[in-house]
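Visitor: Both chains are sitting in their own frames, so use the hints and assemble them into the complex.
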Amino acid sequence: MRPKFVFALLLLALLVLGAAFFLKQYLGNGATPPAAISAPVDSNALASVAPPPAPMPVPVVPAVTHILTPEERQAAIDAETDRLQDWSMNDDPASLSNILADLTNPEKEIREAAIEAAKQFDSTNAIPTLKAVAANTTDTEEQIALLEAADFLSLPDLPPGNIPTQTREQMKAAAQQARQAHQNRLQQGTQSQNPSSGTQSSPDQNAPAGPNQ
Amino acid sequence: MKLTKILMCALAVGAATFATSKVYAVPGPVTVSGTALSQDSKGGYDVAKKNKFTQKILLNILAQATGDSSITNKKTVVLYDPAAFNENAADSIEGYDFYGVFYYSNSVAGLQTLDGIDIDGDYYSYIELDYYNWLLDEYEGFWNGDSVEYNTIVGESKNKATVNGNGILYIHSDPYDYDLPDRDYYYANDWDGDYQPYAFVMHGPLKYGGSISGSTMTTTGKLSGSGDGLYDYNDLVVSGNASFKAKGPAPE
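The listed protein sequences correspond, in order, to chains Y and H.
For what it's worth, this note's numbering labels the leading residue of the first sequence as 1010, then goes sequentially.
For what it's worth, this note's numbering labels the leading residue of the second sequence as 5, then goes sequentially.
Isolated chain H (complex conformation) (with noise of 0.2 Å):
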């Protein structure tokens, strides 16, 4: 347990650096793949139908949701750093702290966050992984205990601890669609006549873990999951995973 503090020290010193000069961590990339059920019929009779998703289709949605089409023409690649600390969505929702901040990047775009705030002061997002970060001792995302796990098992080795715990990965072409703290939550599906075109869930276990070697440190995690889709307005249960990678200088 002993190795786990002096990690969970140094992480919380990088974290406290971050807070001050916002250049602690490096956005890693996030992929996910995985597999979605669709009504279809067949001979009278429902059939369900299986397709798989990976990146692509990841692309395809945030294209179609930002209209921006640079993000399929070119080789994009979505970053996630859980290390830092979301302005937008701590200005605009009073009364929590908020973590984790998603982007893309390619050459004709640069390097675009996926929420912010409107020009009506109210923020969106089209993108958040929901966890409660026990490494950084941070609400992820829109974390809430009423709706994701907070129970954390820890595994230790020398410089490098590993959490299993639980998350929500929530894709969604409205972006004003997006989770909030305070239960009032959302899934992809129109149970209360929110029709999006896009949406995506998974949610269930994910394993994080900070591992510290020379002057880097590595966050790694990767989310195995379930949940409601919604794709070009039709239902759908998808089945995958998603998985990041974010590095950044040790702290000293």
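So that you can see chain Y by itself, here it is in the shape it has in the complex (with noise of 0.2 Å):
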């Protein structure tokens, strides 16, 4: 009875060790510190993919320390987006540098708007840019639309339109005389007479002339 008592008694012994073994191991590795759950962003500092443009961006947006909801996400995403436009309308590198930088923005919607804010700013600067970022997205449809912002970009402006305005009453004439022909012509059943179709017989060379011309 004895020895089966101490082995009994040193089996115990073994696991209480064990088990004490076992929780220092795991109150150990709790007591870690845990990792940060997100960086600090603003609303430009998102970008990782492209090299910075020449002026740095210009940190918008006081950094965030803590997770999103769905809601200050999506507020976030409107108010750098309402940005990226007021940005498309000025003419100072410091925009450019900004809608560039959200080309890489981790929002695929910012990241649509800058493309598009690029191409309202209209400058060939951004083309480098573009081309880069271009060449470091994996996603295929925007690789098109930010080769397409860089080939919009390198052709020439429509110029401006300087022809005035008609009178009121000009334009009022002429619209109903066109609804009236319009209606003439739908009611003859004239729709294959096309008289502007072609380039060498261009309807504006017999038309009567625009009233400014």
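None of these hints come from the bench; they were simulated from the model.
Computed from a predicted model, the values in this text were never measured in an experiment.
Careful: at least some of the hints might be erroneous.
Stated by the list, open to error - Derived list of chain Y stretches under chain H, where covered just means 3 residues or more per stretch with a C-beta under 8 Å from a C-beta of chain H: (1) 1087-1094; (2) 1184-1194.
To be verified - Per label pair, the in silico range of CB-to-CB distance: (3) Ile-1153/Y / Asp-50/H: 22 to 32 Å; (4) Thr-1176/Y / Glu-98/H: 19 to 29 Å; (5) Asp-122/H / Asn-1171/Y: 21 to 31 Å; (6) Glu-1118/Y / Gly-197/H: 27 to 37 Å.
The C-beta atom is built at its ideal place from N, Cα and C for all residues, glycine as well.
Guide: The following block contains the structure:
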């Protein structure tokens, strides 16, 4: 009986020691400080793919240190797209820099707005960045949009029109005349006789000149 | 589909709220960009010349059309409210309901509508966006099932619905050359001897959506398309896109 008792006692002691060791390991890991959940961000600082443009982006939104709720996230996206709209109407390097920085924003909605803003800003200085970001983008649709924007910016602008406005009476008369012609054509079924087709016999060569010509 | 229905109900309530209070939505900015092909010649041959256009050209057209030079001299935003009932159009063109109102805004002119009724009681406008708004169940602009497609394909997620349809954006310097919903519609050409100095049409797929975030509802849309153009009375073939974003309080 005695050796059996000693053996049981030793077995129990071993179990207690094993449990103590396990608990020590477990509690030791648990006491380690948790890793940061989200890094601080600002409106443009989330860029991670493309090289930053020459002038550094101006941080606009204060650092965020907590996980955004869906509402806060959407509000941040809306605020940034609003800012992109404003920047696109400016003509300064800082605005262009901010727009280009948002080409690599983690939010797709902001990146799309940034592409449109870059087009509206209308500067060929944006072309290298657009191409560089396109080269580092895995999203095929976005890559196409970036390259199309670069191609778009390389085109010459449509020159500003300078035909002065007609009088309201002239415009109303022209529209009424055209509506009547349209109605007549529909009634007579002459849709196939398009007087305007072709460049060799352009309608503008034979048609009455515009009111201001 | 349940979420979409909820969103639709919410949007409908919002529209009803707007109909009574007229302050439902905040008009949001409209942006256009694209390319224009025009006829040129080189070495005795016809060649196509390609130019780009941005919002600046839209503002230039509106400045020429309205005679308000502040549109190009100052920072001007073109705004669109898809949920707004267009009283001007409805009052002067009987038998139809019209939704969608365009404005421009700058520091000199303030907020100005881009349509109205003249002293003779006739309706006029400079810009229109025609489509069937599935979310609001409204006919936007001069939508007409004979000229603008009706079918819609919907995608949805939590508090958000996206609709794929088709639409027409028509910018015109002759304010009386607006489209009509009775098949009497016009494009930016001189087919019927209609000579106006500036006009752009873009007809094609329109993706629009509504999302509710907290107390705010956002409506966005993007039209991609092509069409005729007139510029200084010269013919164009244009392609490009137009986008809008309007915000307002979410229906309770």
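Visitor: Each hint should be assessed against the structure and marked as holding or not.
Guide: The hints, checked one at a time:
no. : hint                               : verdict
1   : 1087-1094                          : holds (count 3)
2   : 1184-1194                          : holds (count 9)
3   : Ile-1153/Y / Asp-50/H: 22 to 32 Å  : holds (30 Å)
4   : Thr-1176/Y / Glu-98/H: 19 to 29 Å  : holds (27 Å)
5   : Asp-122/H / Asn-1171/Y: 21 to 31 Å : holds (25 Å)
6   : Glu-1118/Y / Gly-197/H: 27 to 37 Å : violated (45 Å)
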